[in-house]
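Student: The listed protein sequences correspond, in order, to chains A and B. Per the numbering used here: the first sequence ends with 432, consecutive numbering throughout. Per the numbering used here: the second sequence ends with 672, consecutive numbering throughout.
These are calculated hints, taken from the structure and not from any lab test. These numbers come from a predicted model, not from an experiment. Ideal placement from N, C-alpha and C gives every residue a C-beta, glycine not left out. Keep in mind that the hints are not guaranteed to be accurate.
Within a straight-line C-alpha distance of at most 30 Å, the following computed DSBU-like cross-link-like pairs (lysine-lysine) qualify [claimed, not checked]:
hint: 1; chain 1: B; residue 1: Lys504; chain 2: B; residue 2: Lys616
hint: 2; chain 1: A; residue 1: Lys422; chain 2: B; residue 2: Lys525
hint: 3; chain 1: A; residue 1: Lys419; chain 2: B; residue 2: Lys453
hint: 4; chain 1: A; residue 1: Lys107; chain 2: A; residue 2: Lys207
hint: 5; chain 1: A; residue 1: Lys207; chain 2: A; residue 2: Lys173
hint: 6; chain 1: B; residue 1: Lys556; chain 2: B; residue 2: Lys449
hint: 7; chain 1: A; residue 1: Lys215; chain 2: A; residue 2: Lys120
hint: 8; chain 1: A; residue 1: Lys69; chain 2: A; residue 2: Lys41
hint: 9; chain 1: B; residue 1: Lys449; chain 2: A; residue 2: Lys419
hint: 10; chain 1: B; residue 1: Lys556; chain 2: B; residue 2: Lys525
hint: 11; chain 1: B; residue 1: Lys453; chain 2: A; residue 2: Lys422
hint: 12; chain 1: A; residue 1: Lys422; chain 2: B; residue 2: Lys504
hint: 13; chain 1: A; residue 1: Lys117; chain 2: A; residue 2: Lys207
hint: 14; chain 1: B; residue 1: Lys616; chain 2: A; residue 2: Lys419
hint: 15; chain 1: A; residue 1: Lys215; chain 2: A; residue 2: Lys197
hint: 16; chain 1: B; residue 1: Lys556; chain 2: A; residue 2: Lys41
hint: 17; chain 1: A; residue 1: Lys215; chain 2: A; residue 2: Lys69
hint: 18; chain 1: A; residue 1: Lys377; chain 2: A; residue 2: Lys107
hint: 19; chain 1: B; residue 1: Lys524; chain 2: A; residue 2: Lys422
hint: 20; chain 1: A; residue 1: Lys279; chain 2: A; residue 2: Lys115
hint: 21; chain 1: B; residue 1: Lys449; chain 2: B; residue 2: Lys524
hint: 22; chain 1: B; residue 1: Lys524; chain 2: B; residue 2: Lys504
hint: 23; chain 1: A; residue 1: Lys115; chain 2: A; residue 2: Lys215
hint: 24; chain 1: A; residue 1: Lys117; chain 2: A; residue 2: Lys107
hint: 25; chain 1: A; residue 1: Lys419; chain 2: A; residue 2: Lys41
hint: 26; chain 1: A; residue 1: Lys197; chain 2: A; residue 2: Lys115
hint: 27; chain 1: B; residue 1: Lys619; chain 2: B; residue 2: Lys525
hint: 28; chain 1: B; residue 1: Lys658; chain 2: A; residue 2: Lys419
hint: 29; chain 1: A; residue 1: Lys377; chain 2: A; residue 2: Lys120
hint: 30; chain 1: B; residue 1: Lys504; chain 2: B; residue 2: Lys449
hint: 31; chain 1: A; residue 1: Lys422; chain 2: B; residue 2: Lys449
hint: 32; chain 1: A; residue 1: Lys419; chain 2: B; residue 2: Lys619
hint: 33; chain 1: A; residue 1: Lys422; chain 2: B; residue 2: Lys556
hint: 34; chain 1: A; residue 1: Lys41; chain 2: A; residue 2: Lys107
hint: 35; chain 1: A; residue 1: Lys377; chain 2: A; residue 2: Lys117
hint: 36; chain 1: A; residue 1: Lys279; chain 2: A; residue 2: Lys119
With beta-carbon atoms standing in for the labels, derived distance ranges [unchecked claim]:
hint: 37; chain 1: A; residue 1: Met42; chain 2: B; residue 2: Ser481; range: 37 to 45 Å
hint: 38; chain 1: B; residue 1: Arg568; chain 2: A; residue 2: Lys41; range: 30 to 38 Å
hint: 39; chain 1: B; residue 1: Lys616; chain 2: A; residue 2: Phe14; range: 28 to 36 Å
hint: 40; chain 1: B; residue 1: Gly611; chain 2: A; residue 2: Leu315; range: 46 to 54 Å
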Amino acid sequence: MSSEKEQSFKLPPFTAKAHPSWLNAVRQCFLMAITALEGNKMRTLLTMLGIIIGVGAVIALVSVGMGVKSNVTDSFASLGSNMLIVSPGSSNRGGVRGAAGSMQTLKYDDALAIKEKIKKIEYVSPTVSSSYQVVNGNQNWNTSVQGVTPEFLSIRSLTIGYGSFITQDDMNKRQRVAVIGTTVATNLFGTENPVGKNIRVNNQPFKVIGLLESKGQSSMGQDQDDMVYIPLTTAQERMMGITYVQSINLQVESQEAMDEVQANVETLLRQRHHIVGGKEDDFHVRNLTSIMESVSQSTSMLTLLLGCIAGISLLVGGIGIMNIMMVSVTERTREIGIRKALGATYHDIMLQFMIESMVIGIVGGVIGIVLGCGASKLVEYLGASLGSLTTVITPLPIFVSFFFSVGIGLFFGIYPARKAAKLDPIEALRYE
Amino acid sequence: MAETDKRHVTIRLTGIKKIYKIGGEELAALNGIDLNIHQGEFAALMGPSGSGKSTLMNILGCLDRPTVGSYKLDGEEVAGLSDDQLAVTRNKKIGFVFQNFNLLSRITALENVALPLVYAGVGKRDRLERALQCLRAVGLEDRADHQPNELSGGQRQRVAIARALVNEPHIIMADEPTGNLDTKSTKDIMGIFEAMHREGRTIILVTHEPEIAACASRQLLVRDGKITRDEGKGVVMDVV
């Protein structure tokens with residue numbers, strides 16, 4: 001059996017130095033993991049899909065939740081920050097209660113008194129409002145008409161697009177002037193500039209002196225541009241024939257002063273309205289900030305809930321990884337046997353399979369983040385045509401879900417990897 | 433005899449027993465094996481199935497531990513090593529050639545050959561260079577980039593031999609290396625083993641075919657867990 005060709009096995013001396021290091025082992029295992037995953041692309045992709053959907057869902061849903069929250073916060077902020085609202089209480093005649101705000105005891109003078117006597121208040125803005133038909137030529141529109149003072153502009157953070165806002169002079173003279181919102185302008189004037197034109201409000205002639213910039217919808221779905229503002233005195237005396245005001249908005253200088261100012265306002269109004277002892281107040285002072293806090297708290301809960309639901313799908317994705325890794329270990333029993341025979345230690349095999357499941361977690365996580373952000377943008381885009389659904393993508397859910405998915409890859413990889421690493425090389429080599 | 437005894441004893445087995453417990457009953461797969469294999473020997477391990485031949489081969493290859501007895505490999509006791517220590521020993525001192533080649537199917541011939549060096553912690557460039565030298569030695573340099581399924585049986589076994597050589601092992605363990613090969617390839621592969629033997633490598637060949645065993649310089653017959661025949665002991669090629 002001498003071979004025909006004289007083969008030589010004199011190998012050159014083996015000079016290469018071995019550098020068994022932890023880092024080197026990780027790098028090797030990483031490359032092997034990539035090779036293994038590439039070798040089974042479809043399965044890898046399907047396994048990743050669980051993580052992709054999980055991470056994507058967390059990011060998309062949390063961004064929607066955060067969007068709702070920021071919407072609510074914004075709309076409260078658009079009402080002005082550090083706001084106190086004084087509204088009339090319900091009338092109570094002979095035990096029969098009227099609707100809230102039906103009391104007629106809150107006057108313009110109360111507003112002036114508050115402004116005069118209570119410190120730490122920036123603006124005081126009493127208002128009345130009613131719904132009237134507004135007409136320009138052959139165009140008509142039914143809208144909310146509010147009687148306001150000049151401070152209203154600042155307190156509601158409104159911006160004038162064209163023209164000017166109501167002045168104290170308009171107030172004093174009970175001028176028939178109006179500042180209109182863009183919705184009203186569009187409906188009555190189309191694309192024309194309404195400033196300087198005349199309109200009829202409840203059949204009385206008004207001159208349009210200003211056009212407000214669009215504020216969009218409030219979080220409650222209310223069109224904040226569907227408004228006509230006229231001087232408070234004009235509204236009270238020329239339109240509605242009343243002497244009381246329907247609400248007084250107060251802007252307090254700082255968050256800290258809110259409680260103090262609220263107490264002072266209550267005391268002052270009780271004095272002015274001669275309410276003594278245990279008699280019920282004929283007004284309410286509401287703190288918008290505290291309302292906002294409770295609303296934003298409940299939207300936070302909503303966000304958390306959505307995140308948790310999405311988190312469950314992430315968990316299911318993790319179980320999917322474990323499932324596939326188990327199958328993979330069984331399938332590659334022989335490969336594991338070969339590697340062990342050639343000198344792979346427990347840790348080498350463990351590391352190889354752990355890295356494989358972690359790569360699934362990491363790559364799935366990254367794709368999930370991209371898709372989740374995309375989905376959240378899509379929701380915003382679709383939402384824009386339906387209403388004012390905005391989404392807010394923050395780094396927190398991205399980081400959390402990414403590390404969660406890596407953790408899931410790690411955690412659910414441990415059991416299959418241990419199973420692989422503990423295989424007996426003889427048994428594994430015999431495995432068919 | 434006198435000359436060979438001076439040679440380095442690569443494998444020294446003393447009183448090796450392997451006892452399996454099956455259903456409360458003790459079954460001795462190996463029942464007291466004493467065996468010395470010197471450096472440069474080409475020993476064929478023969479025996480019918482169930483004789484304990486495979487068990488002995490597993491113990492010699494450090495894939496398994498004896499229940500009782502001492503196994504000194506290159507002067508180092510390996511009978512009591514842990515799994516990981518055995519793995520390191522296999523990696524450094526033993527080259528395996530299997531009946532069904534046992535190459536990894538998803539990587540190339542070159543990467544297969546380099547695999548033991550991965551676990552030895554050799555850097556990639558050195559690893560591949562060395563693997564290529566080994567492939568060249570078995571005449572498969574031009575097949576380095578092929579995957580195992582693109583190679584014939586004989587070629588696959590040559591890749592496996594190259595892999596067994598790559599880490600300069602003390603012994604080469606070949607378990608029925610020609611069992612899955614045709615006559616032509618069998619001849620080639622045995623030619624390689626003979627050539628390796630001529631160059632002074634220690635080879636242990638497990639086979640049940642007498643013609644294959646005849647290629648070796650020493651024939652060991654295992655029967656009922658004992659070595660019952662030991663022929664040609666001491667016939668060792670001179671190290672060139």
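Student: Now look at each hint and say whether the structure bears it out.
Tutor: Going down the list of hints, with the structure as the test:
1. Lys504/B - Lys616/B: Cα-Cα ~37 Å, so violated.
2. Lys422/A - Lys525/B: holds (22 Å)
3. Lys419/A - Lys453/B: holds (24 Å)
4. Lys107/A - Lys207/A: Answer holds: Lys107/A to Lys207/A is near 27 Å, not above 30 Å.
5. Lys207/A - Lys173/A: holds (14 Å)
6. Lys556/B - Lys449/B: Violated. Lys556/B to Lys449/B sits at ~41 Å, over the 30 Å cutoff.
7. Lys215/A - Lys120/A: holds (28 Å)
8. Lys69/A - Lys41/A: violated (41 Å)
9. Lys449/B - Lys419/A: holds (29 Å)
10. Lys556/B - Lys525/B: Distance of about 21 Å is within 30 Å: holds.
11. Lys453/B - Lys422/A: Holds, at about 21 Å.
12. Lys422/A - Lys504/B: holds (25 Å)
13. Lys117/A - Lys207/A: violated (35 Å)
14. Lys616/B - Lys419/A: Given pair Lys616/B, Lys419/A is violated - Cα atoms ~41 Å apart, limit 30 Å.
15. Lys215/A - Lys197/A: holds (22 Å)
16. Lys556/B - Lys41/A: holds (25 Å)
17. Lys215/A - Lys69/A: holds (18 Å)
18. Lys377/A - Lys107/A: The hint is violated at about 48 Å.
19. Lys524/B - Lys422/A: At roughly 21 Å apart (the allowed maximum being 30 Å), Lys422/A and Lys524/B satisfy the hint.
20. Lys279/A - Lys115/A: holds (25 Å)
21. Lys449/B - Lys524/B: Given pair Lys449/B, Lys524/B holds - Cα atoms ~25 Å apart, limit 30 Å.
22. Lys524/B - Lys504/B: Status holds; Cα separation ~15 Å.
23. Lys115/A - Lys215/A: holds (28 Å)
24. Lys117/A - Lys107/A: holds (16 Å)
25. Lys419/A - Lys41/A: Holds, because 23 Å separates the two Cα atoms, which is no more than 30 Å.
26. Lys197/A - Lys115/A: violated (34 Å)
27. Lys619/B - Lys525/B: With a Cα-Cα distance of about 27 Å, the restraint between Lys619/B and Lys525/B holds, given a limit of 30 Å.
28. Lys658/B - Lys419/A: At roughly 35 Å apart (the allowed maximum being 30 Å), Lys419/A and Lys658/B break the hint.
29. Lys377/A - Lys120/A: Distance of about 42 Å is beyond 30 Å: violated.
30. Lys504/B - Lys449/B: holds (14 Å)
31. Lys422/A - Lys449/B: holds (24 Å)
32. Lys419/A - Lys619/B: violated (40 Å)
33. Lys422/A - Lys556/B: holds (27 Å)
34. Lys41/A - Lys107/A: Judged against 30 Å, a Cα distance of about 76 Å means the pair is violated.
35. Lys377/A - Lys117/A: At roughly 50 Å apart (the allowed maximum being 30 Å), Lys117/A and Lys377/A break the hint.
36. Lys279/A - Lys119/A: OK: Lys279/A and Lys119/A at ~26 Å, within 30 Å.
37. Met42/A - Ser481/B: 37 to 45 Å: holds (41 Å)
38. Arg568/B - Lys41/A: 30 to 38 Å: Since Arg568/B and Lys41/A have Cβ atoms about 34 Å apart, the given range 30 to 38 Å holds.
39. Lys616/B - Phe14/A: 28 to 36 Å: Taking Cβ atoms as reference, Lys616/B and Phe14/A lie about 31 Å apart, which means the hint holds.
40. Gly611/B - Leu315/A: 46 to 54 Å: Given a distance of about 49 Å, which is inside 46 to 54 Å, the answer is holds.
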